[in-house]
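*Asks:* So the protein sequences, as listed, match chains X and W.
So in our numbering, the last spot in the first sequence is 639, and the numbers never skip.
So in our numbering, the last spot in the second sequence is 418, and the numbers never skip.
Calculated from the structure, these hints are not laboratory results.
Take the hints with a grain of salt, since some may be wrong.
As the list claims (entries may be wrong) - Keeping only pairs whose Cα atoms sit at most 20 Å apart, straight-line, the calculated SDA-like set for lysine to any residue is:
#1 K418/X to K353/W
#2 K397/W to G628/X
#3 K363/W to K397/W
#4 K418/X to L392/W
#5 K353/W to A416/X
#6 K529/X to S565/X
#7 K528/X to Q510/X
#8 K363/W to K528/X
#9 K397/W to F375/W
#10 K397/W to G635/X
#11 K418/X to D394/W
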Amino acid sequence: MLANMQSHSIAVFGAGVMGRSITALALGRGVDVVLVDVSDDVLRDARAEITQQMRHGQLMGAFPADKTPGTLTTSLSSKGAADAAVVIEAITEDAALKVRVMAEISGVVPAGVPLITNTSGIPIAELAKSVQRPTDLAGVHFMNPAYLIEMVEVVRGPQTGDDAMAVVLSFLEGLGKKTVVVRDAPGFVTSRLLHPMINEAARVVAEGTASVESVDRLMHGCLGHPTGPLRTADLIGLDNLADALRLLAERTGNPTFEPCELLMEKVSRGELGRKTGRGFYDYGEVLS
Amino acid sequence: MSQDLTTTAESIAQTIAAFVSKRVGADVPADKDLFESGLVSSLFAMELVVHLEQAFSVQILGDDLKRDNFRSVQAMTALVLRLNGAE
Ligand SMILES: NC(=O)c1ccc[n+]([C@@H]2O[C@H](COP(=O)([O-])OP(=O)(O)OC[C@H]3O[C@@H](n4cnc5c(N)ncnc54)[C@H](O)[C@@H]3O)[C@@H](O)[C@H]2O)c1
Numbered sequence: 352m353l354a355n356m357q358s359h360s361i362a363v364f365g366a367g368v369m370g371r372s373i374t375a376l377a378l379g380r381g382v383d384v385v386l387v388d389v390s391d392d393v394l395r396d397a398r399a400e401i402t403q404q405m406r407h408g409q410l411m412g413a414f415p416a417d418k419t420p421g422t423l424t425t426s427l428s429s430k431g432a433a434d435a436a437v438v439i440e441a442i443t444e445d446a447a448l449k450v451r452v453m454a455e456i457s458g459v460v461p462a463g464v465p466l467i468t469n470t471s472g473i474p475i476a477e478l479a480k481s482v483q484r485p486t487d488l489a490g491v492h493f494m495n496p497a498y499l500i501e502m503v504e505v506v507r508g509p510q511t512g513d514d515a516m517a518v519v520l521s522f523l524e525g526l527g528k529k530t531v532v533v534r535d536a537p538g539f540v541t542s543r544l545l546h547p548m549i550n551e552a553a554r555v556v557a558e559g560t561a562s563v564e565s566v567d568r569l570m571h572g573c574l575g576h577p578t579g580p581l582r583t584a585d586l587i588g589l590d591n592l593a594d595a596l597r598l599l600a601e602r603t604g605n606p607t608f609e610p611c612e613l614l615m616e617k618v619s620r621g622e623l624g625r626k627t628g629r630g631f632y633d634y635g636e637v638l639s
Numbered sequence: 332m333s334q335d336l337t338t339t340a341e342s343i344a345q346t347i348a349a350f351v352s353k354r355v356g357a358d359v360p361a362d363k364d365l366f367e368s369g370l371v372s373s374l375f376a377m378e379l380v381v382h383l384e385q386a387f388s389v390q391i392l393g394d395d396l397k398r399d400n401f402r403s404v405q406a407m408t409a410l411v412l413r414l415n416g417a418e
């Protein structure tokens, strides 16, 4: 009953920060990928960055040495996903946009092909309303860079079926990921905790309590956070962070989750973090 | 090692040390283990690869793309020398 089961290829929608690093992960593990975006320029940049990311993964020993890397195909059409064994949606964190694209994807792939959303925190139940087969939909929250971070948060929506869960978990195992399955809720676990912390860290800086560097050094040196929240924010992308915080505020009714002023200022200045070369920190040339 | 090669190795090491020191904001002895000491994050490791390729016109491919080759200024210098054919 699982259509496209023999297929070794997956489709990834959205060639931004996450779409790229998820694609690099899959390719490095020998899985072919069709990467779909709405912009030719984005796809061209993505191809170049993915090549570097795969080298990065190899450098850090993230890929099995005996696996031939998968092949990358790019496409401007959702039809590119027709033969995929698994589809991963990693487009912009915009609920209305996701609803439209998820509906489109579910019209292209046959029943039994799991549709994974990489949303940071839009409830799966909410997105399930837009797809033809809610049983095939699950959340998998990959973190950036997906090819280096060993664990993913898996979100089982109220309608997610056993079959879809089984395929998703075995797919993730094939990618070498450890998984923790959680129930559906706005922000799930990781975004519910991390995003407000980053927002508060930015408020601490704006209030003049400490510098960006001091906040990160304290969270790293005293509390063992790997990089500090503001460096993490730059890695995520401040525009995505602001979008995710806004959605979290709306869906929890907690107004302190609204993105703080400093964050919004940076977004409006186009200082989006590593991807633009500057955010809370200055990165000089963008690493590509 | 001939006088010429010593000079080359020294100047390569100096260039690399200057780049690393600037990025980590501290002086870095040539034999210091950059990963062990936490001076180099995994993202910076890739920047080192790109920097060496551009600064010394070399291509770092295949089996050379492993952490051990970037562990210290010394290790990177040896890699660049080898890729430049100065065994
Ligand atoms: N950035 C992170 O660290 C992170 C971590 C976990 C989850 N997420 C989630 O992953 C998703 C993607 O985030 P991102 O940071 O990669 O965003 P991004 O802004 O870097 O990239 C989004 C991409 O989606 C593309 N897109 C927009 N509409 C599309 C459509 N109709 N079809 C195909 N592509 C389309 C855009 O052109 C863009 O390239 C979001 O849901 C985000 O919340 C992000």
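*Asks:* Given the proposed pairing of K397/W with G635/X, does the C-alpha separation stay at or below 20 Å?
*Replies:* With a Cα-Cα distance of about 25 Å, the restraint between K397/W and G635/X is violated, given a limit of 20 Å.
*Asks:* Compare the distance between the alpha carbons of K397/W and F375/W with 20 Å, and conclude whether the hinted pair is satisfied.
*Replies:* 14 Å, holds
*Asks:* Hint check: K397/W vs G628/X, CA-CA at most 20 Å. Holds or violated?
*Replies:* Since the Cα atoms of K397/W and G628/X sit roughly 26 Å apart, the hinted pair is violated (cutoff 20 Å).
*Asks:* Holds or violated: K418/X and K353/W, Cα atoms, limit 20 Å.
*Replies:* 37 Å, violated
*Asks:* Hinted pair, alpha-carbon criterion (20 Å max): K363/W, K528/X. Please report holds or violated.
*Replies:* 32 Å, violated
*Asks:* With a cut-off of 20 Å on the C-alpha distance, tell me whether K529/X and S565/X pass.
*Replies:* 32 Å, violated
*Asks:* Hinted pair, alpha-carbon criterion (20 Å max): K363/W, K397/W. Please report holds or violated.
*Replies:* With Cα atoms ~17 Å apart, K363/W and K397/W stay inside 20 Å; holds.
*Asks:* Given the hinted pair K418/X and L392/W, is their alpha-carbon gap at most 20 Å?
*Replies:* 16 Å, holds
*Asks:* Quickly compare the C-alpha distance for K418/X and D394/W to 20 Å and report which way the hint goes.
*Replies:* 14 Å, holds
*Asks:* With the threshold set at 20 Å, check whether the alpha-carbon distance from K353/W to A416/X stays at or below it.
*Replies:* 33 Å, violated
*Asks:* So if I understand the rule, the pair passes when the alpha-carbon distance is 20 Å or less; does K528/X with Q510/X pass?
*Replies:* 24 Å, violated
In this structure, the hints that do not hold are numbers 1, 2, 5, 6, 7, 8, 10, in rising order.
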